[in-house]
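Asker: Protein sequences appear in the order of chains A and B. Letter 60 of the first sequence, counting from 1, is numbered 60 in the numbering used here, and no numbers are missing. Letter 5 of the second sequence, counting from 1, is numbered 1005 in the numbering used here, and no numbers are missing.
Rather than coming from a laboratory, the hints here were simulated on the basis of the structure. Please read all numbers here as calculations on a predicted model, not as lab measurements. Note that the Cβ used here is the ideal one computed from N, Cα and C, for glycine as well. Just so you know, not all the hints are guaranteed correct.
Said to hold, decoys possible - Each computed BS3-like pair below joins lysine-lysine, with the alpha-carbon atoms no more than 27 Å apart: (1) A:K319 <-> A:K219; (2) B:K1039 <-> A:K224; (3) A:K389 <-> A:K449; (4) A:K389 <-> A:K224; (5) B:K1039 <-> A:K388; (6) A:K159 <-> B:K1039.
Stated by the list, open to error - Here are some chain B residues pointing at chain A (derived, C-beta under 8 Å): (7) L1018; (8) F1019; (9) I1024; (10) G1028; (11) L1029; (12) Q1031; (13) P1035; (14) L1042.
Said to hold, decoys possible - Some, not all, of what chain B presents toward chain A, calculated at C-beta under 10 Å: (15) V1033; (16) A1037; (17) G1048; (18) G1052; (19) L1060; (20) I1064.
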Amino acid sequence: MTIIIAALTGTRLVHLSIVDLVIVVFYFALVLAIGFYLKGRANTGEDFFLAGREMTAWIAGLSFLSANLGALELMGWAAASYQYGILATHWYWIGAIPAMLFLGLVMMPFYYISKTHSVPGYLKLRFGESSRALSAISFAFMTVLMSGINMYAMALVMKVVLGWDINFSIWVSSITVAVYVTLGGLRSAIFNEVLQFILIWAGALLIPILGLIEAGGWKALQLKVAQNASVEYTHLWSTLGSFRDNPMGIHWTGIVFGLGFVISFAYWTTDFLVVQRVLAAKDLRAAKMAPVIGAAFKMFVPFIVILPGLLGLAVLPWKLTGEATAVATGGHSYNEVLPLMLARYCGPGLLGLGVTALIAGFMSGMAGNVSAFSTVWTYDIYAALFRKKASDAHYVSMGRWSTVIGVLISIGTAYLVMQFLSIMDYVQALFSFFVAPLFGTVILGMLWKRASPAGGFWGLLAGTASSIGMWAWVKVDPSALGYVALSSDARDMAENMYRGLWSWIICVVVTVAVSMLTKPKPESELKGLVYGATDIPSEAQVPLYERPAFWAAVVAIVFAVLNIIFW
Amino acid sequence: MRPDEPISIWFFIGISLLFNGVLIFGAGLYQLVHPPAVKVILFDLHAGVWWGGLLSALGLIYCIRYAPPRG
């Protein structure tokens, strides 16, 4: 108790009242209660790792989105919108919606019909053990490291915003996640993610509503942003004709091809952290519908993330700066814009709900990481490489243990990052190495029967190696940026976009070339895995309003209209 | 809902919204009667009262609609 009281004292951006603390404590009690309640329903491998494959489209879809909607995502993109303006919205719209719809309509049938437990599991079925091993080991390793980095960053946020001790935040949040995921498996993670999704909206929605009232509406907000920053800050596309015309230093080709195609498709269609939620759907139509529902909600997330950043530019009486300047001058950094706006409008109770939304966001992201790690470790590493024929109960037990161990490694990483901050940059870069080439391998595997096992493996390896090579090249010789990102004016984000694009192209070219020179799998072994060799159930008898394709078209139209409105 | 089915996630969400809504509504009402010395921006809109009321109402609807079967 003394530790808790001590942790709740110190310098802070906002001060919580008793009502706020009760709301935060109730949240922790509820997520643990859900974990304990679901303990009895996670006894088989199917239950523990795939939530019994009985989630409705709504639950799978909201969970799919929630696993990605971490607190750092919320605060980071609010900060980015303060820094770069409405351009940050591209990461929610073109950087997500087309890929989510593509996952639902084109890729989900193969993931779902193949009955795979994971994305590396699909690679095993399609290309063989070596591709699975490469993908599984890199995914498992990077997932727990990223989880640790997020944990440290979130604890730092809690220290700045609430004055909480870093150790307190790390241990309380991770023990809570470990308990409810270990007890209830993926079902518990999904239930809590849906709860967290609702809390995030309930806690964050008031900021844009009250902010727009204070600013005097959207038009008045645009005028104020133009006065305080620049008129380009409220335009999505019109400033992307040149690297120099927009605050992000990016060209439209980077946004459309790098972000909108490679990075976005790679993340939303092959990152097992999010795909696992959809694999838990109760049937194929629910699995196809879940990403469409996720996309519909994703389109409106900028309302609670990007708009607060723009509102900060318009109504805050002081200028926010970069982290280093803020520390040197005692001012506030971009990263604090969301909590600053929260403190600006929210009194007792509302503040507690807003803080709970941030904590919920962090925990949903972490639960996503550890549940995905546990599945990949158990099925794609342990069962594939160490113990091939064990009982289902043994693998469930391994799943529980690997959840705990995954959390402990994450905690260890968090402390390592605390000592060596530069690790954060390296691990984030490492994560980006694997994502884009993996998409090349999976998409060729699903759509091209001729892609051979050797082609899949060497393409994945070549794409990953080339991504690492380009990153190292720019590190050693910064002038190489002009070649990798097509312009020496490009910034970090633009470099990531282009590196992803090149590594994807290299992966595809190598996969095609090696496949043409090597023996493909016989068609009988491709059933359920590849377009043209898989019987996909017809939806001709399903009413139009129940078809995923219909709702995907509706989402696509709204997406197009939104981009035109904010052009 | 069959007796052997798990309690719906929407029921848990209802509990959360109801509990938080009632607390926020109560805190908002208290501030309406006893305004604080340091006020948040747009204090006069009393966001806590209507937002708390809205969350409570939604939470109550979900609790009733998705209540687990008795017995």
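Asker: All hints, please: hold or fail.
Answerer: Right, here's what the structure says about each hint:
At most 27 Å may separate the alpha-carbon atoms for a hinted pair to count; A:K319 and A:K219 meet this at roughly 21 Å. Our distance criterion of 27 Å between C-alpha atoms is met by B:K1039 and A:K224, whose separation comes to about 24 Å. Distance restraint check for A:K389 and A:K449: the Cα-Cα separation of roughly 30 Å exceeds the 27 Å cut-off, and the hinted pair is therefore not satisfied. The suggested pairing of A:K389 with A:K224 is violated, with an alpha-carbon distance near 65 Å, which exceeds 27 Å.
About 64 Å separates the Cα atoms of B:K1039 and A:K388, which puts this hinted pair outside 27 Å; it is violated. In summary, the hint linking A:K159 to B:K1039 is supported, as the alpha carbons are separated by about 24 Å, within the 27 Å threshold. Restraint check, B:L1018 versus chain A: the minimum CB separation of about 11 Å is more than 8 Å; hint violated. Against a cut-off of 8 Å between C-beta atoms, the interface hint on B:F1019 holds, since the closest Cβ of chain A lies about 6 Å away.
Below 8 Å, beta-carbon pairs count as interface contacts, and B:I1024 has one with chain A at about 4 Å; its hint therefore holds. With a cut of 8 Å, the hint placing B:G1028 at the interface with chain A holds, because the nearest CB-to-CB distance is about 7 Å. Evaluation of the B:L1029 hint against chain A yields a violated restraint, the C-beta minimum of about 10 Å exceeding 8 Å. A distance limit of 8 Å between C-beta atoms decides the matter here; for B:Q1031 the minimum to chain A is near 6 Å, and the interface restraint holds.
Interface restraint check: B:P1035 against chain A, minimum CB-CB distance 10 Å, threshold 8 Å, status violated. Taken as an interface hint, B:L1042 checks out: its beta carbon lies about 5 Å from the nearest beta carbon of chain A, inside 8 Å. With 10 Å as the threshold, the beta carbon of B:V1033 stays out of range of chain A, its nearest partner Cβ sitting at about 13 Å, so the hint is violated. A hinted interface residue such as B:A1037 counts as satisfied when its beta carbon comes closer than 10 Å to some beta carbon of chain A; here the least separation is about 12 Å, so the hint is violated.
Interface restraint check for B:G1048: the shortest CB-CB distance to chain A comes to about 5 Å, inside 10 Å, so the restraint holds. Nearest Cβ of chain A to the Cβ of B:G1052: about 6 Å, under the 10 Å cut. The hint holds. At a threshold of 10 Å, the smallest CB-CB gap from B:L1060 to chain A is about 14 Å, leaving the interface hint violated. Given hint, B:I1064 at the interface with chain A, is violated; its Cβ is 17 Å from that chain's nearest Cβ, farther than 10 Å.
Hint compliance for this structure: hints 3, 4, 5, 7, 11, 13, 15, 16, 19 and 20 are broken, all remaining hints hold.
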